[in-house]
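Enquirer: Here is what each chain is made of, one letter per residue.
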Amino acid sequence: MSERPDAIVSIRNLSKSYRRGNQVLPVLTGISFDIARGEFVALMGPSGSGKSTLLNLIAGIDSADSGSIKVAGVEITGLSENELARWRAHSVGFIFQFYNLIPVLTAFENVELPLLLTSLSRRERREHVEAVLSVVGLADRMDHYPSQLSGGQQQRVAIARAVVTDPEILVADEPTGDLDRASAEEILRLMDRLVHELGKTIIMVTHDPRAAEKAHLIRHLEKGELSES
Amino acid sequence: MGIPYSYSLRNLWTRRLTTVLTASGMGLVVFVFAATLMLAEGLQQTLVQTGSADNVVIIRKASNSEVQSGVERDQAALIESQPEVAIGADGNELLAKELVVLINLKKRGTDKPANVVIRGIAAASLALRPAVHLKVGRLPRPGSAEVIAGESIARRFKGCGLGETLRFGMRDWRVVGIFDAGSTGFSSEIWGDCDQMMQAFRRQVYSSVLFRMKDPGRFDPFKARIESDPRLTVEAKRETRYYLDQSEAMANFLRILGMVLTVVFSIGAVIGATITMYAAVANRVGEIGTLRALGFQRASILGAFLIEALLLGLCGGVLGVVAASFLQLITISTMNWASFSELAFSFTLTFGIFWKSLAFSLVMGFIGGMLPAVRAARLSIVTALRES
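Chains as they are written, first to last, in the UniProt record's numbering: chain Z, 1 to 229; chain L, 1 to 388.
Honestly, the hints are just simulated from the structure, not real lab data.
Certain hints may be false.
[Unchecked claim] Here are some of the chain Z residues that sit facing chain L, going by a computed Cβ distance under 8 Å:
(1) Val41
(2) Asp62
(3) Arg86
(4) Val104
(5) Leu113
(6) Pro114
(7) Leu117
Quick reminder that beta carbons are idealized off the backbone N, C-alpha and C, glycines included.
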């Protein structure tokens with residue numbers, strides 16, 4: 001399978017298995033596919049199908065048994081742990097099901113966190129944070145702690161944190177899984193805007209068919225194998 | 001740049017109750033640590049204040065205290081003729097050849113015997129010790145069987161009150177005066193004419209020679225000359241140094257006792273801190289996974305939790321030192337083991353003790369936080385995120 005010229009993520013023969021006691025449980029078996037720059041991809045499939053594992057591998061927080069993962073030209077399967085951490089800091093934005101904001105930090109400080117790993121000055125960091133918080137419509141909530149925000153607002157802060165470093169890809173694991181219908185809609189519209197207006201690439205794992213509708217492309221994982229729909 | 005310090009600080013603040021309880025445990029240990037050091041320091045400062053920096057004590061070589069020392073009459077005369085000896089207003093040398101003897105006296109009320117220092121004094125003895133003042137009565141007449149007693153002796157021992165009669169050295173001695181020596185060791189002594197004492201106790205030699213230096217800056221050459229003089233078998237010490245040496249054994253004993261106690265106690269406090277920090281790590285597994293996913297290295301996580309533990313230790317240290325500083329209001333009286341007489345002193349907080357106590361609390365925090373911080377840093381990102 002040859003690489004698409006516009007591919008930002010390119011996966012070849014990716015395999016991953018987990019060991020439970022003496023048993024080896026294969027999760028992904030030789031998967032290959034590409035994701036084009038600016039695409040919004042939904043990964044669907046039943047529980048245990050390996051979609052979260054695939055997402056973790058692309059995001060560089062888990063390691064594959066074999067195969068290759070290239071993100072924006074960088075082969076990440078060969079990177080050391082510290083190299084991976086540095087790579088994640090500027091190349092990947094994370095959006096989690098339960099927002100994963102740091103409770104003791106304000107919205108501003110949460111969004112600023114990934115920028116602490118860059119060489120930006122304090123003033124530049126402030127400008128970046130204020131800019132992304134206004135994109136997600138929370139410029140007036142900067143000094144609020146996560147516990148003072150609603151679920152939807154917390155997820156918007158988390159999205160601001162994910163995009164503040166202008167990463168190559170955004171990975172989202174069930175981003176609407178913990179939200180009511182209205183908030184979920186709001187989050188999906190925001191993600192849609194990120195793709196269309198800012199040209200971001202999003203890879204999203206979801207069970208929610210309405211979330212998947214927003215995606216350009218839905219890929220189904222079943223028993224470690226991938227199919228397109 | 002790592003995880004901001006405010007992250008560690010605010011997490012301590014978020015679980016204030018646990019923080020305060022754990023810090024109190026550490027604070028208690030720091031309190032004991034600081035208290036024993038303050039006790040040793042107070043003891044030493046009191047004894048050093050007993051001496052004056054301008055005065056020189058001459059004792060026999062290798063004797064630690066006046067009680068064990070003996071200075072021959074001809075040697076004492078030789079020292080008296082040294083040019084360094086200051087001359088008083090009356091034209092005589094500011095020098096006193098003294099005798100120190102320990103005797104047994106019965107305490108008032110209980111009849112229990114205890115050791116009391118008898119000092120045979122010369123004319124200059126009082127002038128050489130500015131801390132000593134005659135409170136009531138008069139000085140003993142030279143050549144008579146009269147004594148004056150230190151205030152705490154007069155109060156606590158039979159026959160030592162003003163106008164009373166004491167029997168020692170096979171003679172009766174009348175107490176004609178009471179002197180006050182502040183918080184120095186002299187307030188636990190009985191003073192009388194040196195020559196009379198030497199006859200009574202059948203002593204041929206003095207115990208020590210005390211004199212004021214004309215120029216205190218010339219002590220070192222004087223000491224070198226005296227100690228290399230083949231006619232003399234004596235040792236010269238500044239009076240302050242003499243009392244410092246006397247207090248050394250007791251102060252060291254207190255310090256070692258304090259160290260042993262606090263090291264044992266600190267094991268408990270460190271375990272407390274470890275449990276607290278393990279709980280903190282367990283409660284924040286998801287956060288740790290998130291921070292790692294965002295790109296923070298294992299070392300940053302380790303650092304954030306260690307800083308949290310160090311801050312926890314510092315809280316304990318501050319609590320302990322503040323509590324210990326109130327001890328300065330207390331005065332303690334105990335046996336002076338060097339002369340076996342009573343000595344009153346208070347806890348003394350110095351900057352050295354302050355810093356040592358804070359450093360000690362930081363060390364406890366560090367040791368207590370190490371294992372939990374390593375655990376936090378070693379978590380796998382995927383496992384940590386799944387557990388959140």
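Enquirer: All hints, please: hold or fail.
Expert: Each hint tested on the structure:
Annotation: Z:Val41 was flagged as interfacial toward chain L, and the flag is violated, the nearest CB pair being 19 Å apart, outside 8 Å. Hint status for Z:Asp62: holds, given a least beta-carbon distance of 5 Å to chain L, under 8 Å. This hint holds: Z:Arg86 has a C-beta 7 Å from the nearest C-beta of chain L, less than the 8 Å allowed. Interface hint at Z:Val104: satisfied, since its Cβ lies 4 Å from the closest Cβ of chain L, which is below the 8 Å cut-off.
Hint status for Z:Leu113 relative to chain L: holds, with the closest Cβ pair at about 6 Å, below 8 Å. Nearest Cβ of chain L to the Cβ of Z:Pro114: about 5 Å, under the 8 Å cut. The hint holds. Annotation: interface hint on Z:Leu117 holds; nearest CB of chain L at approximately 5 Å, less than 8 Å.
Comparing the model with each earlier hint shows a violation of hint 1 alone; every other hint is respected.
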